[in-house]
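Participant: Chain B: place on chain A using the hints.
Line by line, the protein sequences give chains A and B. For what it's worth, this note's numbering labels the leading residue of the first sequence as 1, then goes sequentially. For what it's worth, this note's numbering labels the leading residue of the second sequence as 1001, then goes sequentially.
If you're looking for bench data, these hints aren't it; they were derived computationally from the structure. There is no bait here: all hints are sound.
Examples of chain A residues lying across from chain B (beta carbon under 10 Å, computed):
#	residue
1	P84
2	D90
3	G130
4	E188
5	Q189
6	I219
7	G224
8	M228
9	G269
10	A270
11	A278
12	Q283
13	G354
14	S378
15	H379
Glycine residues also receive a C-beta, built at the ideal position from the N, C-alpha and C atoms.
There are 2 protein chains.
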Amino acid sequence: MSTLTINDERFLSDLYHLRTFGADGIGVIRPSLSTPDVAARHWLRTRMEEAGLEAQIDRVGTVFGRSPRPGPALLLGSHTDTQPKAGWLDGAFGVMAALEVARTLREQPETAGLAVDVASWIDEEGSFLGFLGSRSFCGLQDLSLIDTATGRDGRLLVAALAEAGLAGRPRVQMEDGRYAGYLEAHIEQGPFLEADGNRIGVVTRIVGIRTMLIRFTGIQNHAGTTPMPMRKDAGRALVEFVNRIHAEFPKIAGERTVWTAGRIELDPGAASVIPGAAELTLQFRDPESEMMNRLQERVFELAAEADGDIGVEAIMEPGTVEPVAMDEDLLEQVAAAAESHAPNNWVRMPSGAGHDAQVLALRMPSAMLFVPSIGGISHDFAEDTADEDLVLGCQVLATAVESILKAAPAAPPSRPA
Amino acid sequence: MSTLTINDERFLSDLYHLRTFGADGIGVIRPSLSTPDVAARHWLRTRMEEAGLEAQIDRVGTVFGRSPRPGPALLLGSHTDTQPKAGWLDGAFGVMAALEVARTLREQPETAGLAVDVASWIDEEGSFLGFLGSRSFCGLQDLSLIDTATGRDGRLLVAALAEAGLAGRPRVQMEDGRYAGYLEAHIEQGPFLEADGNRIGVVTRIVGIRTMLIRFTGIQNHAGTTPMPMRKDAGRALVEFVNRIHAEFPKIAGERTVWTAGRIELDPGAASVIPGAAELTLQFRDPESEMMNRLQERVFELAAEADGDIGVEAIMEPGTVEPVAMDEDLLEQVAAAAESHAPNNWVRMPSGAGHDAQVLALRMPSAMLFVPSIGGISHDFAEDTADEDLVLGCQVLATAVESILKAAPAAPPSRPA
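Same shape as in the complex, but just chain A:
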């Protein structure tokens, strides 16, 4: 096995530096194209240049560092944008691990000729359009959506891109024939590794994600003068609908199915006003497309049943991601690297979270590795991972990259967009 060793201190130092962009206490607020996100992209681009990559921020905001070496190349990446109130490692760990691996390979004579490209895909978290960067790179983004997408902060995506000085830049797209595959390191964001005392997860499948918007239309009125029987309270209808979902989904859900009513908006949302309109965002995930179809169908049925005095409309949100299997060959190489650095302390497991690897897997062989999340906490300021586990994850990634590239055929596989 390889003797390639990453520079722990440099890796952690850069990772902790990235944490300062948008820092809020121990957490991070760095959604796509926010001021700290744009600053982090410029910093990252400079770090990529220093690592000998030809680096740019592209038309949609992805930071892409291309190795000057010819292929077969491995593409490594993740994302540096965050949820509205986020932890410091979701995405950030994978990007900084990718950069460290590229630097490490370049510094050691026996691996300096290997080609590793590094990406921070923009908007994995969907502040504007989920997986925008990886979809754009893979030629899978509906470009017309880019012109109309609006962010959580109310800005048009195109306006936010122009504000960031990215309008008119070239769009980075996949070069056919260059890549042996895509690898992404990530925190688990769930409880399973820690609970079983494992330090590395080798991802077998990634769950699919579907998001539905359910709109309720009633009649806004005075909360004091409108008798209960005369009310058309859109908020009450929404609450009843969410309860129906929680009652009905368990009847059809699989072992790994999860669903979340994460966003509720009442209009106007005041104590003295009967809500005239209300909106619910319902998201569900499962490793199997068929199960997702059944859940989606049930939402449409429940919406149709509820549609009456209060108008109920269920709409599929853009950004649906189908469940996808990781590449068998790549994941076995990752497993071998895990076994060499953490013997008997790693496990094959599905990913409950969506990742850019899900998009890349549609175009090239892809694999992922996880490191444990303390307490299984993620999408929260408290998200954290032990430094030793971060370093171990980066090291396993480096070893896997080396072994994959050394074994890669000259003309690697690629799939049509």
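Facilitator: Structure of chain B alone, referenced to chain A:
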């Protein structure tokens, strides 16, 4: 009966002018101390001066026009602040009717000696502190709350008052011995007058209002990686709680009881995040204090039952108003005026909405009259009343004021604060 006649055109012209402050289509957005609200207050103060009143905007923002005549005086008023998305008549009608009555009395020799003071009480709608203006006038406002109150827009009340140039002004307070009583004209904001073909409502009682904040504390986490049984979803707990309220309240509620879950906030409110915290504002109203006590007790019980894995805390909001009866003598005078202008087309009725008259009634005899709301709609852009009904309401108010003041004893009653 009196031959006192209001100036219909002048009254409607002023009322329609007030509508332009914060106009949004046919609706109005003019919450307390917003830019259009402050502009409307300055305009109103000027109109009061032109009507011969000694007018000022006081320390909390109430516009107060004092007649230079000695008492016994009648105090007339309502409010010009609005809900976040409001109709044009809620409050506005009563203030402009009050001003028109003051002008009409002054212009006609046989009534020019009568004293009518006019008020636009600030923040009846509770953008910062419900009934702030009337409570402050009556000496019933907890002044310490003024220093800490925060508006729906996130501003401190004191900062908003300072921005409006009101810091350090005198606070207008009730003069003992001056007032024969308080009269307020208002739109009904409900469906009853229109449904029965009545044009004037003479208010007998005003319902009480209690508002409770219910806070749910769970654990924020990733919506994909956290298995359903491990979740502590504060949003789900909130939704279940609201359903319990809707199931339990009908078992104890009276005929006139209403309750509204008008505000729901999930934190952080994103599709991919299990809400770690959630807040509900629950308001309920009833004409009887005992019923309100039972409802409040039930909320505390349900909150205690639900408190467990998810923390549930129920808190009484400030600004509670007890149900209150209108003054028998005054309301009979209003009834006589209604009968003279709309024979057989008026009715005695309780008010389902809260009004400043509820506060004033704690310090002096008070009464109210209603005009119909088209379709019973209020707290909505579509709120409206026929011009003829607005004019009729103003005319009935004028006649009632004249007859009350002509019969008023020299030393009118007043009650301790």
